[in-house]
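Based on the sequences and whatever the hints tell you, model everything.
Line by line, the protein sequences are chains A and B.
Following the UniProt record's numbering, the numbering of the first sequence begins with 1 at its first residue and continues without gaps.
Following the UniProt record's numbering, the numbering of the second sequence begins with 1 at its first residue and continues without gaps.
I should point out that these hints are in silico values taken from the structure, not numbers from a laboratory.
Be aware that one or more of the hints could be misleading.
Said to hold, decoys possible - Computed from the model, here is a short list of chain A residues facing chain B with C-beta under 8 angstroms:
hint, residue
1, GLY40
2, ASP69
3, GLN71
4, THR85
5, GLN98
6, THR102
7, ASN116
8, ARG120
Unchecked claim - Covered stretches of chain B, going by a simulated chain A footprint (3 or more residues, C-beta under 8 angstroms):
hint, segment
9, 35–43
10, 77–87
11, 108–120
A virtual CB, placed ideally from N, CA and C, is assigned to each residue, including glycine.
2 protein chains.
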Amino acid sequence: MAEINAIAKQFTDFYYSTFDANRPNLSSLYREGSMLTWEGSPIQGGAAIIEKLVSLPFSKVVHKVETLDAQPSSPTLPSVIVSVTGLLLVDDSTNPLQFSQTFHLIPDGGSYYVQNDIFRLNYGG
Amino acid sequence: MAEINAIAKQFTDFYYSTFDANRPNLSSLYREGSMLTWEGSPIQGGAAIIEKLVSLPFSKVVHKVETLDAQPSSPTLPSVIVSVTGLLLVDDSTNPLQFSQTFHLIPDGGSYYVQNDIFRLNYGG
Chain A
1 MAEINAIAKQ FTDFYYSTFD ANRPNLSSLY REGSMLTWEG SPIQGGAAII
51 EKLVSLPFSK VVHKVETLDA QPSSPTLPSV IVSVTGLLLV DDSTNPLQFS
101 QTFHLIPDGG SYYVQNDIFR LNYGG
Chain B
1 MAEINAIAKQ FTDFYYSTFD ANRPNLSSLY REGSMLTWEG SPIQGGAAII
51 EKLVSLPFSK VVHKVETLDA QPSSPTLPSV IVSVTGLLLV DDSTNPLQFS
101 QTFHLIPDGG SYYVQNDIFR LNYGG
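Here's what the structure looks like:
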């Protein structure tokens, strides 16, 4: 589990720092078969996913990871399920939004790509 | 996607109604290789998972699903990643707790079992 947790930490550090600094650079993480479900809307394929992420209506965003859990998703392949909860600050708001995000990472050539990505804001009770 | 969403809905309806009514009956959903990460604690194997769930320190619990998203996790196997956010009411509290839960469902003989299960309470910002 130590290795899985290190992979998840390294991935999410890269993912959220890149999201917050330069969203188009996330394109290296997605492939043609990748899927994103963003607030309930399904989007398929790396190009469409990046188009969606780049078009989100805020100019500044900061993610703060609060919990990070990971498990191997398969007994035969070193693929990883990563579950994140955290806070988002957008533009000049000082009111953080809570989010949940699930990734499914597939190994390829010494690195990982995102096969599955599910994102939700949580508005509480 | 329609079929995947129907599978996720059917699974979560069964999972949470069984959790709330009779936790030991969840044992049919887990296998020897199943993994649960409960509030950051890793637990492996169906027997240990059920022991953990049954030992949770509340006698009454009600889950209310607020968002439910699902994606196929593999291009070759009809396995499903399910991501849930929702509210929990425990015992006689009227103060709902927010939770996030991720499942990875593997098909087997016309049904599905839980390979991966990650649960977190969300305490907000």
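Each hint, compared with the structure:
1. The beta carbon of A/GLY40 is positioned within 8 angstroms of a beta carbon in chain B (closest approach about 7 angstroms), and the interface hint is therefore held.
2. Among the interface hints, the one on A/ASP69 holds; its C-beta lies about 5 angstroms from the nearest C-beta in chain B, closer than the 8 angstroms criterion.
3. Given hint, A/GLN71 at the interface with chain B, holds; its Cβ is 5 angstroms from that chain's nearest Cβ, closer than 8 angstroms.
4. At its closest, the beta carbon of A/THR85 sits 5 angstroms from a beta carbon of chain B; the interface hint therefore holds under the 8 angstroms criterion.
5. Contact between A/GLN98 and chain B, as hinted, is supported at the beta carbon level, the nearest pair being about 6 angstroms apart and thus within 8 angstroms.
6. With its C-beta approaching chain B no nearer than about 5 angstroms, A/THR102 sits inside the 8 angstroms limit, and its interface hint holds.
7. Hint status for A/ASN116: holds, given a least beta-carbon distance of 5 angstroms to chain B, under 8 angstroms.
8. For A/ARG120, the interface hint holds, since its Cβ comes within 8 angstroms of a Cβ in chain B; the closest pair sits about 5 angstroms apart.
9. Counting residues of the segment 35–43 of chain B whose CB falls under 8 angstroms from any CB of chain A gives 4; the rule of at least 3 is met.
10. For the segment 77–87 of chain B, the stated coverage by chain A is satisfied: 4 residues place a CB nearer than 8 angstroms to a CB of that chain, which reaches the threshold of 3.
11. Note: the segment 108–120 of chain B has 4 residues with beta-carbon separation from chain A under 8 angstroms; the three-residue rule is met and the coverage holds.
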